[in-house]
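Novice: Respectively, the protein sequence lines represent chains A and B.
Using the working numbering, you'd call the opening residue of the first sequence number 155 and step up by one each time.
Using the working numbering, you'd call the opening residue of the second sequence number 1303 and step up by one each time.
Some hints here could point you the wrong way.
Stated by the list, open to error - Label pairs and their in silico Cβ distance ranges:
| hint | chain 1 | residue 1 | chain 2 | residue 2 | range |
| --- | --- | --- | --- | --- | --- |
| 1 | A | ARG428 | B | TRP1540 | 41 to 51 Å |
| 2 | B | TRP1540 | A | ASP423 | 38 to 48 Å |
| 3 | A | VAL320 | B | ASP1460 | 28 to 38 Å |
| 4 | B | ALA1529 | A | ALA258 | 47 to 57 Å |
| 5 | B | THR1335 | A | VAL213 | 38 to 48 Å |
| 6 | A | ARG420 | B | ALA1768 | 22 to 32 Å |
| 7 | A | VAL213 | B | LEU1423 | 45 to 55 Å |
| 8 | A | ASN400 | B | GLY1550 | 28 to 38 Å |
| 9 | A | ILE256 | B | PHE1628 | 16 to 26 Å |
| 10 | A | LYS380 | B | GLN1379 | 36 to 46 Å |
| 11 | A | THR259 | B | ASN1772 | 32 to 42 Å |
| 12 | B | SER1372 | A | VAL236 | 56 to 66 Å |
| 13 | A | VAL213 | B | ASP1832 | 46 to 56 Å |
| 14 | B | ALA1774 | A | ALA258 | 34 to 44 Å |
Claimed, not checked - Cross-link-like lysine-lysine pairs, in silico, BS3-like; alpha carbons within 30 Å at most:
| hint | chain 1 | residue 1 | chain 2 | residue 2 |
| --- | --- | --- | --- | --- |
| 15 | B | LYS1341 | B | LYS1735 |
| 16 | A | LYS264 | A | LYS201 |
| 17 | B | LYS1828 | B | LYS1814 |
| 18 | B | LYS1828 | A | LYS229 |
| 19 | B | LYS1803 | B | LYS1828 |
| 20 | A | LYS229 | B | LYS1735 |
If you are wondering where the hints come from, they were derived from the structure by calculation, not from laboratory data.
A virtual CB, placed ideally from N, CA and C, is assigned to each residue, including glycine.
These are the residues of each chain, in order.
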Amino acid sequence: MTSRRLFLALLAVLAGALALAPVASADLLTPESGGSSNADDIDTLYKYVLVVAAVVFFVVEGLLIYATIRFRARKGAVASQVRGNTRLEVGWTVGAAIILVILATLTFIKLDEIRNPPDSSPEGLQLADTSRRLPPSGKSLNICVNGQQYLWRYTYADDCENADNVDAVFSYEEMVVPTETTVTLDIYSQDVAHSWWIPKLGGKFDAVPGYSNHTWFKVPAKYGEKPGGTVFFGQCAELCGQNHANMTARVRAVSPAEFERWYEQRRRDIQAARRAQAQAQQTQSESGAAAGSDES
Amino acid sequence: MAATAQASTLTPVPQVVAHRVEREERGFLSWLTTTDHKKIGIMYLVSTFAFFIVGGIEALLMRLQLAQPSNDLLTPQTFNQLFTMHGTTMVFLFVVPVVAGFGNYFVPLMIGARDMAFPKLNALSFWLLTAGGLVFYASIFFDAPECGWTCYSPLSDDTYLPSGGVDAWIFLVHLTGLGSLVGSINFYATIANMRAPGMGWGRLPLFVWTILTYSVLLILSLPVVAAGVTLLLADRHWGTNFYDAANGGSPMLWQHLFWFFGHPEVYIMVLPTFGILSEVLPVFARKPIFGYKAVAASTIVIAFLGLLVWAHHMFTTPSPSIVLVFFMMSSFLIAVPTGVKIFNWIATLWRGTIHYTTALLFSVGFVGTFVLGGITGIFLAIFPIDWQVHDTYFVVAHFHYTLMGGAVFGIFAGLYYWFPKMTGRMMHEGMGKASFWFMFIGFHTTFLVQHSAGLEGMPRRIYEYADIGNLATLNLISTIGAFTIAFGVLLSMINVLRSLKTGAVAGPDPWKANTLEWFVPSPPPKNNFDVIPRIRSVEPMKDIRREVLAQSRVPAGAAAGAAGDEG
């Protein structure tokens, strides 16, 4: 191939990459993001890889298409009986390896930001010190996420294995969180494997029986500005049975003040419900004892 | 070809025309009782293609259900059963055994052997496969399994899926696995011991190299999944708790055991189709394969690394960082030998004279499609990115790019390339090319948009989805594409049936190919070779043609023309 042809090929690759850019911005080619910095960082890392991948893709496909058109059998054409070229072969082996070293480096650069939660912002919810290890300040709002066929239960507690959690605030399906606050999740399952995933808030993490899994997110303030906050949708991402498709999850991000009101209300509602239940049970057991029967 | 026939009347040295030494056995019973590797190969191919059609119909039903949001064509249970049957069928009953079919038919012919090393074991392999398929499909009359082809515990435990479907799946894994294991040992013994004189390891056809590697990978990985499903069977029926976390077991154990087999399985499926490409491309480019040693060696390197990457299927499970990093790096490494293969194939086409047969079209379609499947594989190997795309339609698209756009296209290339040898008749090229274009365009219509569906948040294995984002449009496009593929496959199937009766008579070497199977008549006689030629290069058939040309007293002009065409 002459140098002019090579130049034209490179130009075509560049044009292809540019043509790809608007499609990518329509978010058909990149993951969901925007709800939390780890989701944004994954999105950024993905875009870096996409650029490298696009170049590789267009070069390889370009060569393939060029070869299949240019070297069609024609009258008088004679196939060159070359059996290999060690220099060339070592070249593309090393080339492929270099591309992978670049990708690995980019990944490791981004990895810390994706994995390690930052501190809550000053305008976030004010939290007491805990012994939790995650953000540098040692403070996070911890929520225990429990997957069960076919819904999610959220318990607002620091120690998910603690039996006292029966009194903790909990909710099903919709998780309410304050903005600008680092929320850490301990993910469990009580029956089969599930997978926690809210695309705009970062990656997915499996809930496997007998194990705990961890992730975090921190929702920017703008999502909590209007009353009622913003809802982020997600659903279970690991096959968990017939209603797997209906095991949805919602995260509603509200301002810290609204969160505190919700939390307090929720706590009182739960206590009231507990008392009512206890009373009902007591009445029932008393009447049961009066009838002289065994446990029913 | 014409030269070969002509040469036979001139008694050339070496003798190139074999003749039948005994009457061909016919009838149903001859198939049931056969130990002839060619008949067994045909039975493999016929039954696996039948399973391919069944698996394809299952896929079409799923695509119909997903054609629009919140559709209620199928119940959730039926949908779960369909994707379980589809995945299991395509993996265990199509791609893996169809390769064994081609291998059975062509490995002995390509290495100059008269049969496989253990003909009776060979028949056993086939009948075990059939038994596995029957046991599995019998479950549709009771309760088909609904745990996906991966059957993750605890979902597959009797607490959650008490029906016999999971047991049918377990027995399918056992029976087909045992069949493959026996078959692999047979391939290994055949290739190691029965090569024609002069065929050293450096002259082994590349397809045979990949079958050898396929066999070793199966021998290494199948016992692990066999153990895994046996533990599952014990958990389900005999009160053990290997996978039960509440009683000291671990669901992660199942995932590790399954994927220790499951990932090599991917290469078990795709490597032999790489081998088919490495045979087809040089023949129709009229050029030797570019870098024979690199292509053969990369097969072995891929297989070795393929044993070290299984936990990249488990990046979202609770696993230590060091595990994630290790499996990311090992998965990266696999891209190197795979890239080497792709560059070597392109270099094989480079400065060739490419003859556009259907087999060549499928091979080039394979390379073009597989490149994209490989590239999305790199995204998946980077575990933070995998956290977003894992278990979504992005993954579904990725593995269909490698296994359908890759392996299945390779299998069709093999079908079009070897059909004349197996039946003695040519396939209809026009119909074949039409079939290719429907399959190729249909394939990309179906699966390209699935990357976007996954990135928009659509998990796999869901029977319905809400009408959010572009999901409705993307899924409709996908469904239209799936039916386009089906039409393409249908054309090829009609082509096969038609060509059996009406195809042009092929003769021994219609493609001017390079390997030894083209030395014998089409279809080959029961004993394959009357005379086993001495092998002098990687392309023994090219040598034979050249020798015949040189020795037959053809007029100088005609000889030059034929030689020129051959390069």
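Novice: Each hint needs a verdict: does it hold in this structure or not?
Specialist: A quick look at each hint next to the structure:
Evaluation of the 41 to 51 Å hint for ARG428 of chain A and TRP1540 of chain B yields a pass: the beta carbon distance comes to about 42 Å. For the hinted restraint 38 to 48 Å between TRP1540 of chain B and ASP423 of chain A, the CB-CB distance of approximately 47 Å keeps it satisfied. Roughly 30 Å separates the CB atoms of VAL320 of chain A and ASP1460 of chain B, a value that falls within the hinted 28 to 38 Å. Checked against the given bound of 47 to 57 Å, the beta carbons of ALA1529 of chain B and ALA258 of chain A, roughly 34 Å apart, lie outside it.
Here the CB-CB span from THR1335 of chain B to VAL213 of chain A is close to 55 Å, at odds with the stated 38 to 48 Å. At roughly 27 Å, the beta-carbon separation of ARG420 of chain A and ALA1768 of chain B lies within the given 22 to 32 Å, and the hint holds. Distance hint for VAL213 of chain A and LEU1423 of chain B: a CB-CB separation of about 47 Å, consistent with the stated range 45 to 55 Å. Against the hinted window of 28 to 38 Å, the Cβ-Cβ separation of ASN400 of chain A and GLY1550 of chain B comes to about 32 Å, which satisfies the hint.
At roughly 19 Å, the beta carbons of ILE256 of chain A and PHE1628 of chain B sit within the given window of 16 to 26 Å. Checked against the hint of 36 to 46 Å, the pair LYS380 of chain A and GLN1379 of chain B passes, with Cβ atoms roughly 41 Å apart. For THR259 of chain A paired with ASN1772 of chain B, a C-beta distance near 33 Å keeps the hint of 32 to 42 Å intact. The hinted window of 56 to 66 Å between SER1372 of chain B and VAL236 of chain A holds, with their beta carbons roughly 58 Å apart.
For VAL213 of chain A and ASP1832 of chain B, the hinted distance range of 46 to 56 Å is satisfied, since their beta carbons lie about 50 Å from each other. For the pair ALA1774 of chain B and ALA258 of chain A, the supplied restraint of 34 to 44 Å holds, since their beta-carbon distance comes to about 38 Å. About 28 Å separates the Cα atoms of LYS1341 of chain B and LYS1735 of chain B, which keeps this hinted pair within 30 Å; it holds. A C-alpha spacing of about 12 Å is found between LYS264 of chain A and LYS201 of chain A, which places the hinted pair at or below 30 Å, so the restraint holds.
Taking the CA atoms of LYS1828 of chain B and LYS1814 of chain B, the gap is near 23 Å; set against the 30 Å cutoff, the hint holds. This hinted pair does not check out: LYS1828 of chain B and LYS229 of chain A have alpha carbons roughly 40 Å apart, beyond 30 Å. Between the alpha carbons of LYS1803 of chain B and LYS1828 of chain B the distance comes to roughly 21 Å, so the proposed pair stays at or under 30 Å and holds. For the hint pairing LYS229 of chain A with LYS1735 of chain B, the CA-to-CA distance comes to about 22 Å; that is within 30 Å, so the pair holds.
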